[in-house]
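Top to bottom, those sequences are chains H and S.
Counting along the first sequence from 1, when you hit position 133 you're at 133 in the numbering used here, and nothing is skipped either side.
To convert, count from 1 in the second sequence and add 156; that's the numbering used here.
Read the hints as simulated data drawn from the structure, not as lab findings.
Distance condition first, Cα-Cα at most 30 Å in a straight line; then the derived DSS-like pairs of lysine-lysine: (1) H/16 <-> S/228; (2) H/7 <-> S/278; (3) H/16 <-> S/257; (4) H/16 <-> S/278; (5) H/72 <-> S/172; (6) H/122 <-> S/172; (7) S/163 <-> H/67; (8) H/101 <-> S/163; (9) S/286 <-> H/16; (10) S/252 <-> S/223; (11) S/286 <-> S/257; (12) S/172 <-> H/101; (13) S/223 <-> H/16; (14) H/96 <-> S/172; (15) S/163 <-> H/122; (16) H/130 <-> S/172; (17) H/96 <-> S/163; (18) S/252 <-> H/7; (19) S/257 <-> H/7; (20) H/130 <-> S/286.
Here the structure is a predicted model, which is why all the values come from computation and not from measurement.
Number of protein chains: 2
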Amino acid sequence: MEVEFSKENFLLPEIKYEYLDHTADVQLHAWGSTLQEAFEQCGMAMFGYMTELDYVTVETCYEIEAKGDDIKGLLFHFLDELLFLFSAEPYLVGKKLEITKFDMDNLEIVCRCYGEPFELGKHPQGTEVKAITYSAMEVVQDVERSNFEVFVIIDI
Amino acid sequence: MEVEFSKENFLLPEIKYEYLDHTADVQLHAWGSTLQEAFEQCGMAMFGYMTELDYVTVETCYEIEAKGDDIKGLLFHFLDELLFLFSAEPYLVGKKLEITKFDMDNLEIVCRCYGEPFELGKHPQGTEVKAITYSAMEVVQDVERSNFEVFVIIDI
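Hey, can you work out the whole structure from these sequences and the hints?
In structure tokens form, the structure reads like this:
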């Protein structure tokens, strides 16, 4: 309801508020005809969020290893290792991921990450990925239809 | 670990991933020497997130009412009414809020909102506030020290 008021002697109050840290996340959805491919795609999705992969060339290759207590844990640690590759030396942006060992009995992964070190000016700065989360994580395995999907929420 | 690889016949994989809706929130923290003032400040904090209040002039005044079952509910509905004032006719941005009735027995608020309708070009577009939430909401009432604070997380 609109009400009358006088604009004379209108005083504005002092500011007594602040904005506290804002949190955000995005959900990665990746798929493949094997679970291994879905994992690879998920890792590439993460790198694709950090920068535009079209600007990244394949200059070098690093190998990472990940282990887990179950499939979700394995996915988590796999992505976490990739994130670490980007966050510290060699600051690698992976353009292509190739899992060379995908041991579902022992829950172990070895993966080759092809790409190059992140370089401001050459690579557009995407969104900083702060952490991988277990929140609402899903691993869908439809062996009959060769359909494998993973859903991972990452903090940005 | 860096590994050797051949750049010859290097193939990039097909893209099999997508990014699903990203969610974000920000926490408003407002305070005052009375609870009423903390509520007013919290409402102004919300408007201040939608645009820069320095660009808003006081041209009109609307009155809103809010009720709750408890203090948190009252704060929620108070902010929700203010959000509604912005989201539909008159699209009002409140620069100053003045609670004229603050009935803690019946948990009722009447508030005057001084400001003007949002206008693109005149007002910088801040962040869209999608919803008020009850998440981690806090109302601190320290009567002895005349210190009142509210914390509200809003979805953006």
